[in-house]
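The lines below spell out each chain.
Protein chains: 2
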Amino acid sequence: MTHASARETRSAERRSASSTPGTERTPRVAAARKLLRRAGRDRAGRFLVEGAQAVREALDAGPVHELFVTDVAADRNPELLAVARDHGVPVVPVTGKAAAALSETVTPQGLVAVCDLLDVPVTTALAGTPTFVTVCAGIADPGNVGTVVRVADAAGCDAVLLAGDTVDPHNGKAVRASTGSVFHLPLARDRDAAGVLAACRDAGLVTLVADGGGERDLHDPDTAALLAGPVTWVLGSEAHGPGPEVLAAADHRVRVPIHGRAESLNLATAAAVCLYATVAARA
Amino acid sequence: MTHASARETRSAERRSASSTPGTERTPRVAAARKLLRRAGRDRAGRFLVEGAQAVREALDAGPVHELFVTDVAADRNPELLAVARDHGVPVVPVTGKAAAALSETVTPQGLVAVCDLLDVPVTTALAGTPTFVTVCAGIADPGNVGTVVRVADAAGCDAVLLAGDTVDPHNGKAVRASTGSVFHLPLARDRDAAGVLAACRDAGLVTLVADGGGERDLHDPDTAALLAGPVTWVLGSEAHGPGPEVLAAADHRVRVPIHGRAESLNLATAAAVCLYATVAARA
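Protein sequences, first through last, are from chains P and H. Using this note's numbering, the first residue of the first sequence is number 1, and each one after it goes up by one. Using this note's numbering, the first residue of the second sequence is number 284, and each one after it goes up by one.
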């Protein structure tokens, strides 16, 4: 069978398997659109995952309730649709306009999955014997949260806990910035930042908060010795740094040394430096 | 004198010092608008600096040719305008609309300075005995370039060299992401990436390129020993990694170890990890 005729056969299968593509007004598309907002996600317990790479991760990771797909995207990703069907995921053809309405990107890929929220209770995230955990305590920018989850994944963290006013990691921008890492390690959400730090301590972890005014230098030998043991890194707000509650609750406040004339690092790069100093201390 | 009457006096001074505020069509505003584009900047040898903090850095760093300011911004930043006048910088009142036309931000601050381009020849940037240099080789995103300059500043680099197809560090987004660091250390631009690496080697620096497939692990003791000596870190394109020319020209290819299921780090966090591993090796 030629490539062209295989595509025709798939298109024919799609046409026979479903009626006309769903539009923005189709009830299941309209319902899914509510998941673009945090309140809608929390109410439904579900979120949207967009694009071929992220949808593939979602299919690997757990239950996908439905997969919205445009004709163009279906032709581009036949193997992905086959995996979805193998998992028993309903594949819902939609118009390009409907796919765009479910998308937060400038150039929608025409592939959007509806998935269960990923977060688990803090105690579940800290089950077993964690030795390396990251806590986001008041991170407001979804791109930053996604990037921190990605760095935590790369550094080998056991879990990421999202405390205080931290933005929802199921936000589309956060999911995209994580490049799949939201599916790779346990995530937990809890507004009570001090309670989250106490849970970390109960799990045997020393709590370190990254703070420009911290009493410990990241590169002191004493700090390296700490980092070789079980630790939680706590990262505060990008605008205001860690709050007084978090600074008081942590075991140590650690500063990234600044050698030039910069005032500070931005949140994502500071997180990367702290988490990888921990990796280095264990190498 | 009360605060209110001091403000009235200043406003009166401004009115007497100049006629009506410049608009988008005023020739010097129209000329400055051309600096929003790279071709305009390269032709004029000048760039725009926006916002109180960045303008302050620009006034500290070198010649500022003119400072466009709205009434509101003038009232908010009297000390900054005093510094500008002390430096003999012409202060040009403009309308809010003119300031917005000179701005690339969503909420313009009403303060835009015209400054000389910052870059110097590569040989000038490498003068003296540099021990720690960063080379951007093909970084396309201005936010990434600005963030790398900020991290290089914080890590104590002697210079940042912008090679290959790297975006202009005088781009507004790059300047903003650097939070002033473009003014703190020598910057040089040269399209010939292999030539830039050769110049680094001539300056006594070992050249290391950050590469996911690199033969050396960042955390190997051998690598730490290298990092304690004079080195140049080379950072490639965020989309494609370092090009073959750069990989071949560098003395070593170094990978950041990935311990979880993430495929990689993003460019800015990888840069932060590499540059701060160097700081740690010298602590």
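It is worth saying that the hints were derived from the structure and are not from the lab. It is possible that some hints are incorrect.
[To be verified] Computed beta-carbon distance windows for the label pairs: (1) ARG474/H x VAL106/P: 25 to 31 Å; (2) PRO527/H x GLY45/P: 44 to 50 Å; (3) ARG43/P x ASP500/H: 44 to 50 Å; (4) ALA423/H x ALA239/P: 36 to 42 Å; (5) GLY371/H x ALA140/P: 39 to 45 Å; (6) VAL106/P x GLU498/H: 36 to 42 Å; (7) PRO361/H x GLY45/P: 50 to 56 Å; (8) THR412/H x THR124/P: 30 to 36 Å.
Note that the Cβ used here is the ideal one computed from N, Cα and C, for glycine as well.
Okay, the hints, checked on the actual structure:
no.: 1; hint: ARG474/H x VAL106/P: 25 to 31 Å; result: 29 Å, holds
no.: 2; hint: PRO527/H x GLY45/P: 44 to 50 Å; result: 48 Å, holds
no.: 3; hint: ARG43/P x ASP500/H: 44 to 50 Å; result: 46 Å, holds
no.: 4; hint: ALA423/H x ALA239/P: 36 to 42 Å; result: 27 Å, violated
no.: 5; hint: GLY371/H x ALA140/P: 39 to 45 Å; result: 41 Å, holds
no.: 6; hint: VAL106/P x GLU498/H: 36 to 42 Å; result: 38 Å, holds
no.: 7; hint: PRO361/H x GLY45/P: 50 to 56 Å; result: 54 Å, holds
no.: 8; hint: THR412/H x THR124/P: 30 to 36 Å; result: 55 Å, violated
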